[in-house]
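Undergrad: Listed here are the chains, written in short residue letters.
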Amino acid sequence: MQSPIQLEISRRNLLISSAATIAVTGAATGEAVAQGARTSMQHMSKVSLSVNGESYNLDVDNRTTLLDALREHLHLTGTKKGCDHGQCGACTVIVDGRRINSCLTLAVMHDGDEVITIEGLGQPGALHPLQAAFVKHDGFQCGYCTPGQICSSVAVLEEIKANIPSHVTGDLTTQAAVTPAEIRERMSGNICRCGAYSNIIDAIVEVAGTKA
Amino acid sequence: MQFDRPATTNPIDRLKVVGQPIRRIDGQLKTTGRAMYAYEWHDTNTPYAYGYPVGAAIAKGRIKSIDISAAEKAPGVLAVVTAPEVGERKKGKFNTAKLFGGDQVQHYHQAIAVVVAETFEQARAAATLISVDYAEEKGSFDLRQAMDTAVKPASGDPDSGAGDFDTAFKAAPVTFEESYSTPDQSHAMMEPHASIAVWEGDELTLWTSSQMIDWWRSDLATTLDVDKEKIHLMSPFIGGGFGGKLFLRADAVLAAFAAKAAKRPVKVALPRPFMMNNTTHRPATIQRVRIGAQRDGKITAIAHESWSGDQPGGQPEAAVMQTRLLYAGENRMTAMRLATLDLPEGNAMRAPGEAPGLMALEIAMDEMAEKIGIDPVEFRIINDTQVDPEKTERPFSYRNLIGCLKTGADHFNWSARGRPGSRREGNWLIGMGVAAAFRNNIHFPSGARVRLNAEGVVTVETDMTDIGTGSYTIIAQTAAEMMGLTIDKVAVQLGDSRFPVSAGSGGQFGANCSTAGVYAACVKLREAVSQKLGFNSADVIFENGEVRSGNRAVPLAEAAGSKGLVGEDTIQWGNLTETHQQSTFGAHFVEVGVDVATGESRIRRMLAVCAAGRILNPVTARSQVLGAMTMGAGGALSEELAVDTRRGFFVNHDLAGYEVPVHADIPHQEVIFMDETDPMSSPMKAKGVGELGLCGVSAAIANAIYNATGIRVRHYPITLDKLIGGLPDVA
Numbered sequence: 007m008q009s010p011i012q013l014e015i016s017r018r019n020l021l022i023s024s025a026a027t028i029a030v031t032g033a034a035t036g037e038a039v040a041q042g043a044r045t046s047m048q049h050m051s052k053v054s055l056s057v058n059g060e061s062y063n064l065d066v067d068n069r070t071t072l073l074d075a076l077r078e079h080l081h082l083t084g085t086k087k088g089c090d091h092g093q094c095g096a097c098t099v100i101v102d103g104r105r106i107n108s109c110l111t112l113a114v115m116h117d118g119d120e121v122i123t124i125e126g127l128g129q130p131g132a133l134h135p136l137q138a139a140f141v142k143h144d145g146f147q148c149g150y151c152t153p154g155q156i157c158s159s160v161a162v163l164e165e166i167k168a169n170i171p172s173h174v175t176g177d178l179t180t181q182a183a184v185t186p187a188e189i190r191e192r193m194s195g196n197i198c199r200c201g202a203y204s205n206i207i208d209a210i211v212e213v214a215g216t217k218a
Numbered sequence: 018m019q020f021d022r023p024a025t026t027n028p029i030d031r032l033k034v035v036g037q038p039i040r041r042i043d044g045q046l047k048t049t050g051r052a053m054y055a056y057e058w059h060d061t062n063t064p065y066a067y068g069y070p071v072g073a074a075i076a077k078g079r080i081k082s083i084d085i086s087a088a089e090k091a092p093g094v095l096a097v098v099t100a101p102e103v104g105e106r107k108k109g110k111f112n113t114a115k116l117f118g119g120d121q122v123q124h125y126h127q128a129i130a131v132v133v134a135e136t137f138e139q140a141r142a143a144a145t146l147i148s149v150d151y152a153e154e155k156g157s158f159d160l161r162q163a164m165d166t167a168v169k170p171a172s173g174d175p176d177s178g179a180g181d182f183d184t185a186f187k188a189a190p191v192t193f194e195e196s197y198s199t200p201d202q203s204h205a206m207m208e209p210h211a212s213i214a215v216w217e218g219d220e221l222t223l224w225t226s227s228q229m230i231d232w233w234r235s236d237l238a239t240t241l242d243v244d245k246e247k248i249h250l251m252s253p254f255i256g257g258g259f260g261g262k263l264f265l266r267a268d269a270v271l272a273a274f275a276a277k278a279a280k281r282p283v284k285v286a287l288p289r290p291f292m293m294n295n296t297t298h299r300p301a302t303i304q305r306v307r308i309g310a311q312r313d314g315k316i317t318a319i320a321h322e323s324w325s326g327d328q329p330g331g332q333p334e335a336a337v338m339q340t341r342l343l344y345a346g347e348n349r350m351t352a353m354r355l356a357t358l359d360l361p362e363g364n365a366m367r368a369p370g371e372a373p374g375l376m377a378l379e380i381a382m383d384e385m386a387e388k389i390g391i392d393p394v395e396f397r398i399i400n401d402t403q404v405d406p407e408k409t410e411r412p413f414s415y416r417n418l419i420g421c422l423k424t425g426a427d428h429f430n431w432s433a434r435g436r437p438g439s440r441r442e443g444n445w446l447i448g449m450g451v452a453a454a455f456r457n458n459i460h461f462p463s464g465a466r467v468r469l470n471a472e473g474v475v476t477v478e479t480d481m482t483d484i485g486t487g488s489y490t491i492i493a494q495t496a497a498e499m500m501g502l503t504i505d506k507v508a509v510q511l512g513d514s515r516f517p518v519s520a521g522s523g524g525q526f527g528a529n530c531s532t533a534g535v536y537a538a539c540v541k542l543r544e545a546v547s548q549k550l551g552f553n554s555a556d557v558i559f560e561n562g563e564v565r566s567g568n569r570a571v572p573l574a575e576a577a578g579s580k581g582l583v584g585e586d587t588i589q590w591g592n593l594t595e596t597h598q599q600s601t602f603g604a605h606f607v608e609v610g611v612d613v614a615t616g617e618s619r620i621r622r623m624l625a626v627c628a629a630g631r632i633l634n635p636v637t638a639r640s641q642v643l644g645a646m647t648m649g650a651g652g653a654l655s656e657e658l659a660v661d662t663r664r665g666f667f668v669n670h671d672l673a674g675y676e677v678p679v680h681a682d683i684p685h686q687e688v689i690f691m692d693e694t695d696p697m698s699s700p701m702k703a704k705g706v707g708e709l710g711l712c713g714v715s716a717a718i719a720n721a722i723y724n725a726t727g728i729r730v731r732h733y734p735i736t737l738d739k740l741i742g743g744l745p746d747v748a
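Note that the protein sequences, when read in sequence, are chains A and B.
Residues in the first sequence are numbered consecutively from 7, following the working numbering.
Residues in the second sequence are numbered consecutively from 18, following the working numbering.
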């Protein structure tokens with residue numbers, strides 16, 4: 007784990023130094039951004055969000071998606087923008103216990119909601135069981151769809167437990183089963199172009215406690 | 018280090034770390050959302066602005082005027098930069114169509130402006146206020162129509178042959194001829210092309226998503242007309258590439274111009290619906306295969322021709338390349354012809370050439386086997402060759418295609434395969450298919466720097482990229498093996514133009530070449546350590562964190578001293594690829610079910626057997642092959658950029674219209690690696706697997722569908738409309 011973390015720290019330091027240079031050359035600062043926002047007040051709303059257990063009060067453009075609120079305002083960039091219109095699932099987060107595509111919903115629609123993102127599930131060194139299983143089974147390659155896959159899989163297991171049926175559920179009168187077919191069906195809104203599906207199913211099935 | 022003789026025994030052969038199933042060292046970062054991709058670099062004090070691109074709404078013509086007045090007045094807008102205002106720019110060496118600049122439009126969604134605003138929402142809204150007056154010109158968009166105008170390309174070795182194909186084909190007791198087509202395909206990587214540009218005076222820092230750091234840096238310098246040394250480019254995490262991020266793209270150029278104009282750091286990402294027409298794609302092909310054989314199955318004549326199109330100055334899709342090398346046959350010819358099309362630029366996508374080429378050739382082999390009356394596995398084995406069939410004095414460095422076919426057939430229970438249309442379970446018609454996999458082993462020079470510090474930690478620095486391939490991990494394994502360390506004592510830093518230039522990620526050459534570069538740098542570091550300790554480097558052993566010579570043993574940390582030691586080198590390649598044909602081989606086996614009522618094809622089982630030299634890490638290599646098999650499934654069953662031949666663009670330019678496989682499409686997949694090494698390839702004795710895994714997959718699926726239904730489809734993708742008319746009555 008050592009290397010990429012070091013890499014991240016070194017980049018951040020570098021950027022901080024570039025930023026300082028830019029600030030003294032007289033370009034716009036954070037204050038200017040705030041002024042710009044005030045002039046278009048009618049397009050702005052106040053939103054209170056709980057994200058990963060922390061409360062945030064945001065002034066957002068009404069057009070800001072929950073995804074961009076997380077990424078651009080709260081800098082929780084673990085939630086990914088793959089398509090920005092609900093076709094890929096990379097932006098999946100859990101809102102009030104249910105998974106949603108955060109690109110298809112506006113931040114202003116979530117005042118008072120509780121949002122769980124990939125950052126809230128676990129951290130390096132303290133992984134959520136599904137994060138650990140994805141690492142163990144190599145359930146990812148480039149890693150860009152991965153946070154969405156993991157958030158989705160956390161919710162999928164809860165949906166099956168709650169007996170919410172899917173397209174492939176055969177018998178609606180009995181408890182839905184945690185089978186590879188059920189998981190594949192329910193995970194199909196999360197595209198992985200690297201094609202790690204076979205390993206992702208192995209990871210989820212292991213955490214679900216059944217054999218593939 | 019010059020690699021010009023086959024590798025002998027070296028420290029990698031110990032295989033204490035290399036070759037072991039080690040989990041990715043960046044795995045925890047990626048699964049917790051902490052890996053930072055291009056658009057995500059953030060510093061609290063940096064006033065980022067947002068750039069939103071505008072693309073041409075015509076496929077060919079000229080911009081008469083652009084009215085940006087409304088956009089400039091829109092809330093939050095900081096700058097608008099247009100292509101005519103920027104003017105004609107020099108094009109990067111690797112780009113066919115220009116990325117930005119001037120008033121000519123070469124293809125639909127070519128970037129013509131970028132709007133910069135305080136927020137993403139403001140930039141996006143303002144971009145819609147730009148109005149453009151075009152002088153539209155007539156273009157050519159239909160490959161089949163343009164086939165007659167296709168010409169022999171000036172470069173790229175378009176024709177080849179040996180013996181006398183025409184005579185041998187006429188004389189052959191069994192002959193076969195068919196035409197095939199493959200559609201335009203899109204890389205569709207999950208992370209959109211994205212860049213953040215920061216100018217400090219005349220120096221540019223660019224965070225981007227690039228497979229090839231040095232190619233991008235050079236081409237960006239050319240396009241911006243600045244000194245390459247003034248550009249610092251970084252790409253430590255890349256959300257997929259598949260060839261789509263090999264060459265400089267518009268996001269980088271737009272971000273650089275936008276940041277200059279706005280005097281602010283600017284972030285630009287290509288919106289998903291913009292990507293398929295703005296960037297490159299795998300060009301469609303029309304192919305003709307002719308095979309003549311004796312009744313015993315021995316091929317006497319084989320010909321493969323391919324037609325594709327591209328922008329002026331472009332290249333053909335090299336779909337015939339594998340046919341020059343895959344099967345024996347004394348009389349042979351291949352030819353590629355190129356039409357000029359005004360569709361977006363065609364360029365490399367995962368296994369360029371072989372992927373679409375084998376989609377045709379390996380159906381043809383299945384058809385010919387049936388015509389002769391031989392099992393298709395056996396037909397391929399009969400026609401194996403251990404020499405380059407066009408230049409028979411050139412042997413393969415190592416070739417075990419037969420082993421792949423036999424191992425796969427055993428493992429997959431191939432002998433249970435029945436006659437076409439003979440196996441039915443309920444509503445499912447079930448069949449099996451096979452195809453050979455083939456992809457060449459390519460070499461590029463690759464450099465690395467390794468630093469040993471006083472804690473005994475080795476840090477590798479190279480501009481190599483990890484596009485999901487596992488570069489971080491296999492590079493750490495290589496350095497650990499060379500220096501006698503465990504992997505937790507190695508740090509890896511990638512994707513930064515301040516580091517030595519590497520092979521980069523492409524053409525399945527990245528793993529072998531970049532680790533060979535790290536090997537070379539570690540040899541230098543070992544020498545530095547030995548010299549410092551006064552050891553005779555010939556008998557020095559690096560093991561268990563120690564350096565030993567005779568009965569002296571010194572911990573590596575101590576040898577480093579307080580200042581540490583550095584080794585740097587670049588691996589250079591001799592002529593072993595000329596004296597010996599170096600390639601990778603495999604066999605794909607697939608079982609499908611086709612719904613007798615709807616014609617829907619479902620993949621039930623998939624197996625790949627790969628022979629690709631030493632496997633550096635069976636976990637990451639297996640994932641490469643799984644992913645490639647998945648892409649091959651898309652290529653067989655659903656992926657097709659639909660061309661509007663009237664307006665000249667790809668219509669289905671998003672992930673709903675361009676259908677890549679999803680979870681429900683892919684069964685549990687199996688991969689077997691043949692246990693082998695190739696000392697001709699590199700000191701690592703490895704080759705690549707990332708593209709091999711895709712080569713032949715789609716044909717194996719097509720052949721399985723034929724075996725299931727008796728319906729032969731030669732035009733990809735094999736959608737249900739192409740099957741439904743030939744299916745038996747349901748009742």
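Keep in mind the hints are simulated off the structure, nothing from the lab.
All residues carry an ideal CB built from backbone N, CA and C; glycine is no exception.
Hints may contain errors.
[Stated by the list, open to error] Partial pick of chain B residues on the chain A-facing surface, computed with a CB cut under 8 Å:
| id | residue |
| --- | --- |
| 1 | GLN37 |
| 2 | ILE80 |
| 3 | LYS408 |
| 4 | PRO412 |
| 5 | SER414 |
| 6 | PRO635 |
| 7 | HIS685 |
| 8 | ILE689 |
[Unchecked claim] Looking from chain B toward chain A, a few residues come up when the C-beta cut is under 7 Å (computed):
| id | residue |
| --- | --- |
| 9 | MET207 |
| 10 | VAL636 |
| 11 | ALA659 |
| 12 | VAL660 |
| 13 | THR662 |
| 14 | VAL668 |
| 15 | ASN669 |
| 16 | ALA673 |
Undergrad: Now look at each hint and say whether the structure bears it out.
TA: So, going through the hints one by one against the coordinates:
no.: 1; hint: GLN37; in the structure: 14 Å, violated
no.: 2; hint: ILE80; in the structure: 27 Å, violated
no.: 3; hint: LYS408; in the structure: 36 Å, violated
no.: 4; hint: PRO412; in the structure: 34 Å, violated
no.: 5; hint: SER414; in the structure: 28 Å, violated
no.: 6; hint: PRO635; in the structure: 10 Å, violated
no.: 7; hint: HIS685; in the structure: 6 Å, holds
no.: 8; hint: ILE689; in the structure: 14 Å, violated
no.: 9; hint: MET207; in the structure: 4 Å, holds
no.: 10; hint: VAL636; in the structure: 5 Å, holds
no.: 11; hint: ALA659; in the structure: 16 Å, violated
no.: 12; hint: VAL660; in the structure: 21 Å, violated
no.: 13; hint: THR662; in the structure: 25 Å, violated
no.: 14; hint: VAL668; in the structure: 15 Å, violated
no.: 15; hint: ASN669; in the structure: 11 Å, violated
no.: 16; hint: ALA673; in the structure: 5 Å, holds
Figure legend: structure checked against the earlier numbered hints; hints not met, in rising order: 1, 2, 3, 4, 5, 6, 8, 11, 12, 13, 14, 15.
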